[in-house]
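S.K.: Here is what each chain is made of, one letter per residue.
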Amino acid sequence: MFSRPKHMEFVGSNILTIVTFTPAAGALLILFYNRAHARSIRTFALIITLLAFVFSLYLVARFDSSNPDFQFGVRVPWMPSLGIDYSMGVDGISLFLILLTTLLTPLAILASSSINDRLREYFIFMLLLESGMIGVFASLDFFLFYVFWEVMLIPMYFLIGVWGGERRIYAAMKFVLYTMIGSVLMLVAIIALYFIHGNATGTFTFSYPQIQSALASGRLVLSPAIELWLFVAFFLAFAIKVPLFPFHTWLPDAHVEAPTAGSVLLAGVLLKMGTYGLVRFSLPLFPHISHLFAPLISMLAVVGIIYGALVAMVQPDMKKLVAYSSVSHLGFIVLGIFSFTIQGLEGAIYQMLNHGISTGALFLLVGVIYDRRHTRLIEEFGGLANRMPVYATFFLIVTLSSIGLPGLNGFVGEFLVLLGTFGVNHIRAAVAALGVILSAVYMLWMYQRVMWGRVENDRNASLADLAGRERAMLVPILIMIFWMGMYSSYFLRPMDASVMKLLNQTQAGRVEYARDLNTFLSAQRRARSASPIGRSLKTRSASPIGRSLKTRSASPIGRSLKSGCAGSQQAGGADEVVRSALHVFAELTTPALQPFLRLRPIGLALRPAVAPPLLCEEGNVLASK
Amino acid sequence: MLWLIPILPLLGAALNGVFGKRLSKTLITSIAVGSVALSFLVAVREFLTMLSLPESQLPILTDYFTWIQAGRFQAQFGFMLDHLSGLMILIVTGVGFLIHVYSAGYMAREEGFYRYFAYLNLFVFFMLTLVLADNYLLMFVGWEGVGLCSYLLIGFWFTRKSAADAGKKAFIVNRVGDFGFILAIMLIYWTFERIDFQGVFSRLGEASDFAVEPLGSVGVLTAIGLLLFLGAAGKSAQFPLYVWLPDAMEGPTPVSALIHAATMVTAGVYMVARSAAIYNHAPGALLVVAVVGAFTAIFAASIGLVQTDIKRVLAYSTVSQLGYMFLACGAGAYAAAMFHLMTHAFFKALLFLAAGSVIHGMGGIQDIRKMGGLRRVMPWTHKTFLVGTLAIAGIPPLAGFFSKDAALWAAWNDANYGKLLWLVGVIAASFTSFYMFRLLILTFYGSPCYTEQDVHHVHESPNSILIPLIVLAACSIVAGFAGVPPVLGGDNHIQQFLTPAAHEAKSESLGTTAVELTLMAISTGAALAGAGLAYLFYVVRPALPERLSVQAHSMYSIMLNKYYVDEIYDSVVVWPVVRMSGEFLWKFVDAFMIDGAVNGIGRLVRGSGAGLRHMQSGYVRTYAGWILLGGVLVIAWFLK
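Protein chains in written order, with our numbering: chain A, 44 to 668; chain B, 37 to 676.
Because the hints were derived from the structure by calculation, they are not lab data. There's no promise every hint is true.
Which residues of chain A face chain B? A partial, calculated answer using Cβ under 10 Å [as the list claims (entries may be wrong)]:
| id | residue |
| --- | --- |
| 1 | M216 |
| 2 | V219 |
| 3 | Q358 |
| 4 | G426 |
| 5 | P449 |
| 6 | A473 |
Backbone N, C-alpha and C define an ideal beta-carbon position, used for all residues, glycine too.
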């Protein structure tokens, strides 16, 4: 065999760094531009983002689909005394999310032609945002992850606050405060995890793979209470970002006020941070609590699906309508994640890509007529298909993709999510499927009011159809819509290995958890043996579904999980699920609250940082047990 | 070669859709008509190939690529040709071809000519995908695809609000049905662990293996059957999801003929017949199919009695005839259902196209009260329409007689309420005959009710319109002979032809020959009675209908207003949902509760900050007071 040229090796081992920091480097270079040269700044920003896209194609080309682990890894000590590394890697879960980012950013840059004010700063923020987004998907070190997570927030804050619409300040503040609450909680949880892991194993590190494997191998065991608190902290950060009902109200405001490019990236990529975090961190790190809360979270997801769709239906503003439709679509993603089936998870990841593409495209399309008419109110339009036939056709295809027409991308993800969920709980899937009907209602209704009919409003009479630049930013999206709809294997196969590994991790963790929880659950079972739940647990079905569940029910916790996940196949199971989940929730929170109740105010005041030492002591005790 | 059949129309759609704006009308027509014609020829070839194969080698299966795969779930993009889908591809491409030819003349002066043909070709593609699919999910692709084309074609004249509304309504009501279909697919997967027809049906034998608690094996199959039927009821316009079809008449008339009469609306019947193996194990679901079918047959026919729009009468007639097909399916006679599907495709396409010819000649008028005497002006249209009327009314020996009789005979033989279902069917048959002859008489006979001022030079249509009419008329006359029952000396070819594919469960002819002949006579008598009544009402004593409508006013207005079903849906479903979403969910829950809470926390923080600011007043005495208070509290805590 021949050896690869040296520069190829350099690219191979540093590709992630190159992809991540190309936009940031570009942002740095834009500083040296004269702000008068608007055209060349635009072109330069576009070239940089295209370059990042081309680099990211290397990831796909060299990705090994059979390898479930992180690839293209880099790990360089950053702050060794604290155990912080510059560590990155990509697996089947994050691969296409990076591609999505690098694909959407150039399109967003193309959609920025109406920005003339403070152009240089605008593109600097856009490029920094892209680096931040890629970094979140690529980083394998908690500290690095958190840095990117926050880095991403700042440019978006400015994009909304400076280049946004009328209520931009309110929207930007709301966006930042909502997200900050979540990220601060996450930071606390990350630091807590750092100390707990360090105390238990002796190595203090922020490395995600290391902590994860310590948890998976049993070298680090979290007590139920600790796991619960950590889960809740991470979950809140992610749920706000998703946004999961009822944490969603920042989204419509942020979307409406953001400039077109901001909305595209916000909906296309930023919302995926939340769902990505759930898949990457919540499931493998806290498998037990994830399983326990799955019914509750799924229910929130289902509520979000229906609620988002219903509220979208009555919106007078096109951007707000699309924003609420996002709440509905992201509900599907969360539902898929917490189905713990391969179909549900792969469908959820697929749906992340779909939503990025379809909703990104919808915002681009709304931006097109906003640039022409400076309004987004549906009632201002009507009959646009007469004047802008090409635009109407593009809009129709994207609409159909968004409502999940089979053969286009949206269907594959939605169907797999529903299929996975159906295997776990029929009723949940059926209610979620109602969202599919509603999506047709609100999208087609909007389409009809905007595109069909006669041109009643004189200001619409002379609208120009899509220009070359606008076609250029929409054609890649149309290609993706058809490609992902017809040939899903190309995107699904690279996910297989990583998703299977993830599922195995969450399943394996459950058995150990059973041992820990054995004591109090057995007490609980005795108490409940007379109740209907207890009885229903004893019935076993002979079906494939039932059989697949048997593996889970080998342990006491498995049995309680069965009541959580599958028990509601029986009539009236839905509220049994909630009740049992809340019951366990109450059981778990009581011991967790005890350290707080025991502490005295003075003791609190004397400590420099409140939470980490506190959790650290607690973790010490529990971990050494 | 099977893939060529759907690909050709898709190619036509793509060519016309992308480049159509710059092409001449002749070229657009040749691409559109040519692609369907070629597709028809390939379909005939494939059909003949299939016939030449021995039964053991059927069905012909070809998988092209894996469409979706996740875990053990797998959906192929693959086609399956057996007798059932073979019959369907011939109907779809054959009738489709005729309607393409007709459209070339009918739509000649329309703006968006290329768009029309692109949609129509796309429709043929999806319809062929639907019938050729070898698994439920691919069938669902075609299923939603034809719905999309239906949406686009109903809304073809999108500047008219009524057309745009009708398109949207069709899509959304169909989605309600699709909800059932998609759940059925998932239940099928989690029961059988696969979704391809062959795989699912072959596992049906192992009855104990797929019992899902708490339903049991019969329960789960019944659930699958009912969910599938919900899908079928949406697409095939059965009660209570039929409401979109009459509105769909807003589309161009050839579309009504192709999509809303001959092919797409029969997809539900095809799907039930395809799933016969499942339904045969689910008697409960079959009963529901039969009852809904019979009810829809009589319900829609009764609305058709009083409608005055030529296309709407035909639309309600379609709904009613589809009811017959489901009645036959529900009685387990899938072959009879498919037989009626085929003859109906001919005579209903014929009737719609002839109605289109009338509308074309009248310059767009659709109200039959403004017509009359057209027989002299439009002789060919009249003749073909007459054939269609005789066929649908069930006058022997035209096609409708045999197929409707097969459906009714199957209903009679059904163990559950068979006689009652038969009776409903016979009454509906007399209704059918009445409203069709009423339509015929008011349109073509008597003296003209229009003046030359209203309508300029009423004229017969050009040949591109008349030739398809004549071909379809010929088919409507002879197609019935494919299924002459044994009592009339035939050997029911179509029954034998479809039996292997349709998993016919019941043995034929439970009743005796005499019974069968008597029933046949009764149903023919009912048809004749309906025709006679129409003759009495509209020829002998034309004042009678008016007097009757005054005397039985409430009954008349209920039927004229279609039993107010649309209004009920509006006030029970649409209005409350929109109001709840707007007023409660958005304005109250979202804006007031959640945002109120969020902003409230913000205000609380700011307010408390403003309040606490007073602590730092700058006066030493205030600070001393605070220190004292704090010291007291700390001591109190430790002393407690």
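S.K.: So, for every hint listed, does it hold in this structure?
M.R.: Each hint, compared with the structure:
1. The criterion of a C-beta within 10 Å of any C-beta in chain B is met by M216 (chain A), whose closest approach is roughly 9 Å, and the hint holds.
2. Among the interface hints, the one on V219 (chain A) is violated; its C-beta lies about 12 Å from the nearest C-beta in chain B, farther than the 10 Å criterion.
3. A least Cβ separation of about 8 Å between Q358 (chain A) and chain B falls short of the 10 Å threshold, and the interface hint therefore holds.
4. Here the hint on G426 (chain A) is kept, as its CB sits about 7 Å from the closest CB of chain B, short of 10 Å.
5. The beta carbon of P449 (chain A) comes within 4 Å of a beta carbon in chain B, closer than 10 Å, and the hint placing it at the interface holds.
6. This hint holds: A473 (chain A) has a C-beta 6 Å from the nearest C-beta of chain B, less than the 10 Å allowed.
Hint check: a violation occurs at hint 2 only; the rest are consistent with the structure.
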